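**Student:** The numbers in UniProt numbering rise by one with no breaks, and the one at position 179 of the sequence shown is 179.
Hints in this document: simulated from the structure, not taken from any laboratory.
Note that this is a predicted model, so its numbers are computed, not measured.
Errors might be hidden in some of the hints.
Here are the in silico distance ranges between beta carbons for each label pair [unchecked claim]:
#1 147 with 113: 28 to 36 Å
#2 130 with 151: 24 to 32 Å
#3 126 with 191: 38 to 46 Å
#4 65 with 140: 21 to 29 Å
#5 126 with 179: 36 to 44 Å
#6 159 with 45: 39 to 47 Å
#7 158 with 46: 22 to 30 Å
#8 24 with 149: 41 to 49 Å
#9 82 with 179: 20 to 28 Å
#10 151 with 45: 19 to 27 Å
#11 145 with 45: 37 to 45 Å
Straight-line Cα separation of at most 20 Å, PhoX-like style, residue types lysine-lysine; simulated pairs [said to hold, decoys possible]:
#12 39 with 81
#13 112 with 80
#14 164 with 80
#15 39 with 85
#16 81 with 135
Even for Gly, the Cβ is constructed at its ideal location relative to N, Cα and C.
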Amino acid sequence: MRTMKKLLVVAVFTFIISAVHGQRFEGGLLGGFNASQVKGDLYNGYHKPGVLLGGYVRTDIAPAVFVAMELKYSQKGSRKKYDPKKPEENTYIMRLGYIDMPILAGLRTSDKISVIAGGSIGYMIQGTEYDNYGKFVVEDQNAFNEFDLQAFGGFQFDILDNLKLDLRMAYSLLPIRGLPGEHATNYYWLNNQFNNVLSLALYYRLDH
Numbered sequence: 001m002r003t004m005k006k007l008l009v010v011a012v013f014t015f016i017i018s019a020v021h022g023q024r025f026e027g028g029l030l031g032g033f034n035a036s037q038v039k040g041d042l043y044n045g046y047h048k049p050g051v052l053l054g055g056y057v058r059t060d061i062a063p064a065v066f067v068a069m070e071l072k073y074s075q076k077g078s079r080k081k082y083d084p085k086k087p088e089e090n091t092y093i094m095r096l097g098y099i100d101m102p103i104l105a106g107l108r109t110s111d112k113i114s115v116i117a118g119g120s121i122g123y124m125i126q127g128t129e130y131d132n133y134g135k136f137v138v139e140d141q142n143a144f145n146e147f148d149l150q151a152f153g154g155f156q157f158d159i160l161d162n163l164k165l166d167l168r169m170a171y172s173l174l175p176i177r178g179l180p181g182e183h184a185t186n187y188y189w190l191n192n193q194f195n196n197v198l199s200l201a202l203y204y205r206l207d208h
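Could you put the whole structure together from the sequences, leaning on the hints where they help?
**Tutor:** As structure tokens, this is what we get:
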């Protein structure tokens with residue numbers, strides 16, 4: 001895990017430095033938080049918090065249109081919210097960590113606001129589950145898929161010349177895993193589990 005994080009840091013800075021030296025590109029760092037749930041489990045609601053850290057590059061392709069690519073570490077998963085009225089029920093946490101590479105297009109609708117949409121490829125570097133008794137043993141855990149493909153949309157707001165606020169929602173098109181056998185159905189969207197993530201992040205431009 002530590003090795004993967006070090007590799008991500010090196011990759012992000014290489015990614016940004018290469019872009020910053022390009023005449024038509026801007027690059028920077030991003031950081032923020034996720035609120036996530038897993039569609040297909042029994043715990044509805046964006047109760048699982050997580051961090052996201054990485055870098056981005058972007059360029060204009062028209063006066064009001066830009067494209068961008070990002071590379072980031074993103075924590076996702078699911079969490080059963082504790083109910084004080086039902087203290088006897090088990091707790092549950094699913095912790096997922098991904099290296100994501102989103103590619104997006106944006107449309108400036110005003111001087112301060114842009115609408116964005118795109119897709120993201122992700123590689124899982126961590127997938128664990130916990131309950132009242134601790135971490136699930138391998139035999140008790142339904143295996144996760146390594147790769148994720150998400151579609152997303154959202155907004156970016158210019159706060160300062162070199163600082164933006166990004167708000168987006170993402171939903172997996174590929175399942176993170178299938179449902180356990182006793183819950184299986186014949187329908188793709190009902191037979192699998194999918195990441196569903198709300199994210200809020202700050203984007204700091206380095207080449208300004």
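**Student:** If a hint holds in the structure, say so; if it doesn't, say that too.
**Tutor:** Hint check:
Judged by the Cβ atoms, the range 28 to 36 Å given for residue 147 and residue 113 holds: they are separated by roughly 33 Å. For residue 130 and residue 151, the Cβ-Cβ distance of about 29 Å falls inside the hinted range of 24 to 32 Å, so the restraint holds. Restraint check, residue 126 to residue 191: a C-beta distance of roughly 24 Å breaks the suggested window 38 to 46 Å. Look at residue 65 against residue 140: about 49 Å separates their beta carbons, and that is not inside 21 to 29 Å.
Range check, residue 126 to residue 179: about 21 Å between beta-carbon atoms, so the 36 to 44 Å window is missed. Evaluation of the 39 to 47 Å hint for residue 159 and residue 45 yields a failure: the beta carbon distance comes to about 29 Å. Between residue 158 and residue 46 the C-beta distance comes to about 26 Å, which sits within the given range of 22 to 30 Å. Separated by about 28 Å at the C-beta atoms, residue 24 and residue 149 break the suggested range of 41 to 49 Å.
Roughly 24 Å separates the CB atoms of residue 82 and residue 179, a value that falls within the hinted 20 to 28 Å. As the Cβ distance of residue 151 to residue 45 is approximately 21 Å, the hint placing it in 19 to 27 Å holds. Taken as a hint, the range 37 to 45 Å is violated for the pair residue 145 and residue 45, whose Cβ atoms sit roughly 23 Å apart. For the proposed pair residue 39 and residue 81, the alpha carbon gap of about 15 Å is at most 20 Å, so the pair holds.
The suggested pairing of residue 112 with residue 80 is violated, with an alpha-carbon distance near 37 Å, which exceeds 20 Å. Of the supplied pair hints, the one linking residue 164 and residue 80 is violated, its CA atoms being roughly 32 Å apart against a limit of 20 Å. Using a Cα cut-off of 20 Å, the hinted pair residue 39 and residue 85 is violated, with the two alpha carbons roughly 25 Å apart. The hinted pair formed by residue 81 and residue 135 meets the criterion: a straight-line CA distance of about 17 Å does not exceed 20 Å.
Hints 3, 4, 5, 6, 8, 11, 13, 14 and 15 from the earlier list are contradicted by this structure; the remaining hints agree with it.
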